[in-house]
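First to last, the protein sequences are chains A and B. Read in the UniProt record's numbering, the first sequence has 137 at position 137, and its numbers run on one by one without any break. Read in the UniProt record's numbering, the second sequence has 182 at position 182, and its numbers run on one by one without any break.
Take these hints with a grain of salt, some might be off.
It does not matter which identical chain is used: a pair holds within one copy or between any two.
Pairs of lysine-lysine residues, derived as DSS-like cross-links and limited to a Cα-Cα distance of at most 27 Å, are as follows [said to hold, decoys possible]:
1. Lys-401 x Lys-464
2. Lys-40 x Lys-150
3. Lys-236 x Lys-327
4. Lys-480 x Lys-464
5. Lys-23 x Lys-282
6. Lys-40 x Lys-311
7. Lys-457 x Lys-408
8. Lys-443 x Lys-18
9. Lys-309 x Lys-202
10. Lys-401 x Lys-18
11. Lys-457 x Lys-480
Calculated directly from the structure, the hints in this document are not laboratory data.
2 protein chains.
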Amino acid sequence: MNYENIFNTAQHAFLQFKKTSGKIKADFLEKIAYNIEAEKANLIPLASSESNLPEGRITGELGRTVGQIKLFAQLVEEGSWLEAVIDHADPERTPAPKPDIRRFLTALGPVVVFGASNFPLAFSTAGGDTVSALAAGCPVIYKGHPAHPKTSKLVGSLITKAAQENGLPLGLFTHIEGGIDVGQELVKHPIAKAVAFTGSFKGGKSLFDLANQRKEPIPVYAEMGSVNPIITLENKLGSNIEALAKAFVSSLTLGAGQFCTNPGLIMVPQVHEDAFSDAVKKEIQDIVGAPMLHEGIAKAYYESLDKLKRKEELEWLHVSSTNDIIKAHPAMAKIKANDWLKEELFQEEVFGSFAILVIYENAEELLSIAQKLHGQLTITIWGEDSELEQSADIISHLEEKCGRILFKGVPTGVEVGFAMQHGGPYPSTSDSRSTSVGAYAIKRFARPIAFQDMPEKFLPDALKESNPLGIWRTVDGEFKK
Amino acid sequence: MNYENIFNTAQHAFLQFKKTSGKIKADFLEKIAYNIEAEKANLIPLASSESNLPEGRITGELGRTVGQIKLFAQLVEEGSWLEAVIDHADPERTPAPKPDIRRFLTALGPVVVFGASNFPLAFSTAGGDTVSALAAGCPVIYKGHPAHPKTSKLVGSLITKAAQENGLPLGLFTHIEGGIDVGQELVKHPIAKAVAFTGSFKGGKSLFDLANQRKEPIPVYAEMGSVNPIITLENKLGSNIEALAKAFVSSLTLGAGQFCTNPGLIMVPQVHEDAFSDAVKKEIQDIVGAPMLHEGIAKAYYESLDKLKRKEELEWLHVSSTNDIIKAHPAMAKIKANDWLKEELFQEEVFGSFAILVIYENAEELLSIAQKLHGQLTITIWGEDSELEQSADIISHLEEKCGRILFKGVPTGVEVGFAMQHGGPYPSTSDSRSTSVGAYAIKRFARPIAFQDMPEKFLPDALKESNPLGIWRTVDGEFKK
């Protein structure tokens, strides 16, 4: 593969595309969404067969994929995401006249996006990373995930077709197949200006290191894994043990546990240890193992369990008698908080439907847990209002450890909207200042540029005096349209 | 020095300070500004004697320092910088009810700030980095610059005094003295959550690498140097040769050339080579060398010139006969674009009043220059409107190489306002997505956090339904107050 050619074509496309209107970008995104919907009948069975995910789940994921494309189309057509700011000149100012300065966000340049195996549509070829990068004005060099090659190529062709249909330049999107070495070559290319990745800590960390060792380091947005702890407080849990155990097990085993927000840790007060353990056992025992994405992932799941089985501190609440070549039989172990606190291994993500139930004695121990937790995408806390009030200090610590904190429900099921934050402190992501889901994901692919005393006729529309785009802007410090 | 104790105290202060109201933060900042102004009579001669900068310059810098503190006070008191976003619940939504999600920016945690030698006030102890971090809610562990130790300590005491006077926690600000090893220890401490630095490429890059090698990598905002090219186009230059030569030389030699936006490169069309060279020579010959910040900086300046003097491609337009122990005698050399394009050394910053005049033959050569330029804080282009129109392609490339592009005036003199972008593509800064001057500097020290289904009474004021702060928020996708 001639990467030089691919990147040069992308750079060429970039210089044209960065100045394209929000309307043209929105039409392009809408066309991608249309092409995906039109190909639904082929795409759903194909993605299902390549991922082992049931067609119902893929149908939902396709809807989500189309929905998030439309969200970005809406965002760029409206245009206020550009953060336009105008400080007018003051020629009379002393001791020196004040210049006219106008600032907005401009696209970074061609970016490299990696597909994820667990969402063959929503976090893959036309997933949130690709689409938010295109929306920002960045051409995408996309490395397809080898677990779903046909789905990836098919969706890639739908993006290319959309670009052609809309008369946009070649090189806005390039689909590349290959392994780890190919991904590394892409990240190292001098024209690449950012990287987006969803996957394992090991994979994300290695790309992060590679990107920082370049002559010109570039940002890496890696979403790397999280155990998404659920903290239960005494009264709330006590009055709902069975319902909460059911909700928890359902979230744990959804999609064979292959979600980045899968809850792999649950903290339970000692007083409810037996009742909650029993309720969980009752819920989990009838769950039939579901096929995982591929055999390699199933193998890794059982290897992680085998490693944990050698740890004497763990008491196993549920585990299938035999390992499976493809299915993830759910598993759960229990541990005293005092032992959990001593061993980092118990915080490592096991990709699949496995969780550790941590029994804590009192609020002091729970505070120690909160302080010890690694960075997470999400943390959930189930408590009565009065308990939450008493736990203010603990909650304050938990906030430091996550990107999203939930007070009801379960962490799986990530809303695509304006307020979503899907990105937490390290090591859950490489950059807690960013989100890979929701409207703000577009900001990852832009940087500010200021124009000083630029003649009005050369200014981008977003910064022209008359505000032809009708967007929200900060003018001399005031927010206005 | 017991760093453990310092960081623990800062972390303790952080957990309290992050929830402090914008009003309390603003009062604290205003008190710092007040204390600095009240100490003016001591501070100005002290900073002047330690930096060799004239009292007039220090007086201006003090005004700027106070002005930027007040800008951040205004920003946090108003509160819209928090980027509050609310997506309301929809319990009726199918197939699953929609949760209530609210997002805003929260402070990163304790941060390490390094002082700069060339701005003993505005980029030092109570400079833009410290003040924007405090405004965001981050305690600051500040490493004073050894070039102005007494100024640094005095300003540090004024910040501490402001915290005490306003009843704020110990540990919000700590002043530390020491060399490179001390700075490295601070950056490596696990409690540190970000680093801000202004100085040399070598210094910034080493902190960037160190921060990325931590178990938990943290963002480094390093402003590292730039040659701030000025591009002149034929007609504009031809009709103003003497005035533009004067403006250029004045910017080049201002403050002994010790500004990060000092213009170290100027591109001139061949047709004006002789006239512009003559005009520059005439302007520069009478400029008396001014004392640099310290002898080490003067030594480095002359060493850089000696290195360049060995380059045969350079023709020297002006150079003092002898090197000086402390004063920066201005110097200028001339080169053909064709030779300039071949050698990276000619793009390296020489800290002081030295510039290279690059003679280009035609638009094609100018385009090659634009493509070859390293990342810059600023690029200035002087052209008639009709010339700018013809140079659209060149300007498009120049935009990719800088954080601020000027169409009038000179790059020195950085406005502190809402629209300022002082941060450009690598290697001018380590993070082109950030600015170290102006209102947006505060965003460097915050990250988003989302609250899902949090009971109203526990929500931060910025996210409460009734909008008690009266700030601009995105509610269900619409901007409103």
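Hint-by-hint comparison with the structure:
1. When the C-alpha separation of Lys-401 and Lys-464 is checked against a cutoff of 27 Å, the pair qualifies only between copies, where the shortest distance is 22 Å, while the shortest distance within a copy is 42 Å.
2. Taking CA atoms no more than 27 Å apart as the test, Lys-40 paired with Lys-150 passes inside one copy only; the shortest distance there is 14 Å, against 70 Å between copies.
3. In the homo-oligomer, the alpha carbons of Lys-236 and Lys-327 never lie at most 27 Å apart, since the shortest distance is 34 Å inside one protomer and 73 Å across protomers.
4. In this assembly of identical chains, the alpha carbons of Lys-480 and Lys-464 lie at most 27 Å apart whether taken from the same copy (14 Å) or from different copies (23 Å).
5. For a Cα distance limit of 27 Å, the shortest separation of Lys-23 from Lys-282 qualifies neither inside one copy, at 54 Å, nor across copies, at 53 Å.
6. Taking CA atoms no more than 27 Å apart as the test, Lys-40 paired with Lys-311 passes in neither setting, with 47 Å inside one copy and 65 Å between copies.
7. For the homomeric pair Lys-457 and Lys-408, the shortest alpha-carbon distance between copies (15 Å) is at most 27 Å, but the shortest distance inside one copy (52 Å) is not.
8. Proximity of Lys-443 to Lys-18 under the C-alpha cut-off of 27 Å is found in both arrangements, the shortest distances being 14 Å within a copy and 24 Å between copies.
9. With identical chains, the CA atoms of Lys-309 and Lys-202 are at most 27 Å apart within one copy only, with a shortest distance of 22 Å there and 49 Å across copies.
10. In this assembly of identical chains, the alpha carbons of Lys-401 and Lys-18 lie at most 27 Å apart only when taken from different copies (14 Å versus 36 Å within one copy).
11. Taking CA atoms no more than 27 Å apart as the test, Lys-457 paired with Lys-480 passes inside one copy only; the shortest distance there is 22 Å, against 30 Å between copies.
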